[in-house]
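With the hints as extra help, turn the sequences into a complete structure.
In order, the protein sequence lines correspond to chains A and B. The opening position of the first sequence corresponds to residue 0 in numbering that gives the first Met the number 0, with each subsequent residue numbered one higher. The opening position of the second sequence corresponds to residue 0 in numbering that gives the first Met the number 0, with each subsequent residue numbered one higher.
Check each hint, because a few of them may be wrong.
Stated by the list, open to error - Pairs of lysine-lysine residues, derived as DSS-like cross-links and limited to a Cα-Cα distance of at most 27 Å, are as follows:
{"hint": "1", "chain 1": "B", "residue 1": "K30", "chain 2": "A", "residue 2": "K407"}
{"hint": "2", "chain 1": "A", "residue 1": "K125", "chain 2": "A", "residue 2": "K307"}
{"hint": "3", "chain 1": "B", "residue 1": "K30", "chain 2": "A", "residue 2": "K125"}
{"hint": "4", "chain 1": "B", "residue 1": "K324", "chain 2": "B", "residue 2": "K257"}
{"hint": "5", "chain 1": "B", "residue 1": "K351", "chain 2": "B", "residue 2": "K135"}
{"hint": "6", "chain 1": "A", "residue 1": "K407", "chain 2": "A", "residue 2": "K307"}
{"hint": "7", "chain 1": "B", "residue 1": "K257", "chain 2": "B", "residue 2": "K351"}
{"hint": "8", "chain 1": "B", "residue 1": "K257", "chain 2": "A", "residue 2": "K407"}
{"hint": "9", "chain 1": "B", "residue 1": "K324", "chain 2": "B", "residue 2": "K351"}
{"hint": "10", "chain 1": "B", "residue 1": "K30", "chain 2": "A", "residue 2": "K307"}
Honestly, the hints are just simulated from the structure, not real lab data.
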Amino acid sequence: MTTLTDPPKGAFRPSMLLYDSRYRSLTLQAIAAIVLACCFLYLYSNLAANLRAAGLNISYDFLGNPAGYDINQTLIDYTSQSTNWRAAVVGILNTLLVAFLACITATVFGVLAGVLRLSPNWLVRKLMAFYVEIFRNIPVLIWIIIIFTIMTAVLPSPSAFRGENASSSMLFDAVAMTNRGVYVPGPYFTRGFGAEGNGALNWLLVIAVLVGSLIATRMVTASADAKQAATGVRPKTLWLNLGIWFVPIIVVLFALGLTWDYPALKGFNFQGGLKIGGPLIALWFALSIYTGAFIAENVRAGIQAVSKGQTEAAAALGLRPRRIMGLVVLPQALRVIIPPLISQYLNITKNSSLAIAVGYADITATLGGITLNQTGRAIECVLLLMLFYLIISLLISAFMNVYNNAMKLKER
Amino acid sequence: MSDTHAESIRFVRETTLPQAEPPVAERGVYKWGRENLFATPGNALLTLVALYVIYVVLSAILPWLLNGVWNASSLSECREILAGETGGCFAVLVDRWQQLLFGFKYPSDEYWRPALAFVLFFVAAAPVLFFDLPRKMLAFTAVFPFLAYWLIWGGPVLVPVVALVGVVVGYLAYARLVTQSFAGGFFGGIAAAAVTWIIGGYIVDWVSGPSSLLRAVPSRDLGGYMLNFMLGVTCVSLSVPFGIALALGRQSSMPLIKWVSVVFIEFIRGVPLITLLFVASVMLAYFFPPDSNVDLFLRVVIMITMFSSAYIAEVIRGGLAALPKGQYEAADSLGLDYAQAMRLIILPQALKISIPGIVNIAVGLFKDTTLVSVISMFDLVGMIRGPILASTDWNGVYWELLGFAALLFFVVCYGISQYSQWLERRLATDHR
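As structure tokens, then:
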């Protein structure tokens, strides 16, 4: 008769806390919790003692006080009388601006270089390998400083554009590259909404029209797909799509009265147009070419990850080269390329904090730089700074997880 | 029978033709050029564009490089010598190389000390990097950190000796106790080392005489490329053990340990290094005991080590995840406990997979050490932007200095990545 399979239910003994695998992990975690709590208490008591000795306290009131410093490049209204909080928001917007611009150009550089590294042309291949190695192995801070030096020390000053036979001239009479920044024509509306016809509403309208066009072309493509699936003949959609893209936006821009404001030399400097500051360009361009080198490697790895058999199989099915690229190679390569690409975008956002080295007013330079130094609120400023970057990172990682789940190879 | 078919075949060659050379267009440089440079019209256009780019770059750089001035005492003197021609003013490197390499405050008659430490570093790193070398060299690797500390910082020799004795005692205690249990050996070793250090601390205070063999140099006098190199080497070597611990913690089945590791890793990876350096420069001092005086170098080392250990932990986690589950199960079925399974089965394989990733992190970290110039430490970039460009003699010499800095970083980083590729081939034990 076999009845007994359970372990004997003996009384609980203290030694079981360490030797019985049912309780051991609880014991270990309890010890870890106590050690951790002790560490935090110790750090907190040090902090409290130090703050008391320095006569400080933790308070975020300084955010409401006037900042008292000027920022040369702002996306929203800002004066030196604005609050520290407003300065921080200006910094956040500037960070997002440079990160957004650099992500776009870095992708362009990276994809170009990555594809060209696989080119059958020996010279181009070697040139791109050289580009990738040079930029990956030299710190981005040095690149930022080099390009900033080009912007400030090599480009001519505005006075070089003056006079009958000036030593410098504007590109196409529209773009002036000076050591005080690059001046490009700025768009404005003569018949728009808002104050002087230039409210943010106009741009929202333009964006809405573009999004509408995007959705409409998607629908056209979907209906073409359905028709092809039903009849086997794909209707021509090229002209329709071009019309959907261009006609509404042209009509809207015309109705709003879009005009361009050209920069012109007045007094000692250029007036009018859009001024893109040297620090912004240095940071933007340096981050783009530096990260572009990394993206090039990701792109190359992604394309090489698609085995040659896939291309050959598609060709054997009778697909034309463009369809092979679009239907077979790219979807598989993108699955490999996109996750590291997104983490490179994250790196761009984090590396944009190097703006402080060239004086671009991003969040690190406003909140973590001038505000910190003027108010002496080191702990509060650094914590807020970290919080901002953490939120951005977590948002991007969350997006990446959603994307990965959507693109995951659906297996049986 | 007549020889009819003798007439039907007029000619039969009885010897083979000597092999002819392939046509000119099908051999040598022509064939190579046609296939690799001018295969299609588009390709030929690309070649021409590439040639033009190379021409533009070289025509800008070569005259500057070849026509450079190496002997001058200031930028204006350089310009006088050049007399309007294109040319670099490399005299700044000749004039200020000590500052670029060692910083501007390190006593100049003691430069041999960091230089010797730098040379010895290669002796110490060799057995770690190339495992064909005799294993006995690892003994020197173990001694090297203390020797290098003494060489660079100087001061009483007893301090690094006590530190070394503490480590030796800790190791002996570990070796003695680890036969019973790993945890016992680990914590026993740490306890033994700590006891030795505390006792040694009293001895150092008691003995400390006025005379020391090497003059003491405070941390704030370190600078230049030396500072980048020291930060890079110290933080990478410290962060590997922490990274392993964090990676194992993240894999742990204990929720508390797991969540602590996850929060730490994700927090550090979510913020830029520069904010952590701000923490080191303005905030960390608040968390130390009020009367302590931890210098900036140590605070920066703490923050960069935390930073890189989070990244290394993610790389090692990838290595752990890449191992087949059978390896874990095999270790369990052999009756190994957690520490044994990790030490003997899992980690050796997982670390091998992670090596390329760890080397990438190391290269990235070494490049990131230039960020300390933002919190006003005078590393290579800080030296260039601070004292040298601000001096009246060399105000305006940008390209020579920045190019030199770029070259130094390129040599080291490219060297490390080449080593990593060699190692990857070397460690590829799977038969393909």
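Hint check:
| no. | hint | verdict |
| --- | --- | --- |
| 1 | K30(B) <-> K407(A) | violated (45 Å) |
| 2 | K125(A) <-> K307(A) | holds (23 Å) |
| 3 | K30(B) <-> K125(A) | holds (19 Å) |
| 4 | K324(B) <-> K257(B) | holds (20 Å) |
| 5 | K351(B) <-> K135(B) | holds (22 Å) |
| 6 | K407(A) <-> K307(A) | holds (21 Å) |
| 7 | K257(B) <-> K351(B) | holds (24 Å) |
| 8 | K257(B) <-> K407(A) | holds (26 Å) |
| 9 | K324(B) <-> K351(B) | holds (17 Å) |
| 10 | K30(B) <-> K307(A) | holds (26 Å) |
Hint 1 from the earlier list is the only one contradicted by this structure; the remaining hints agree with it.
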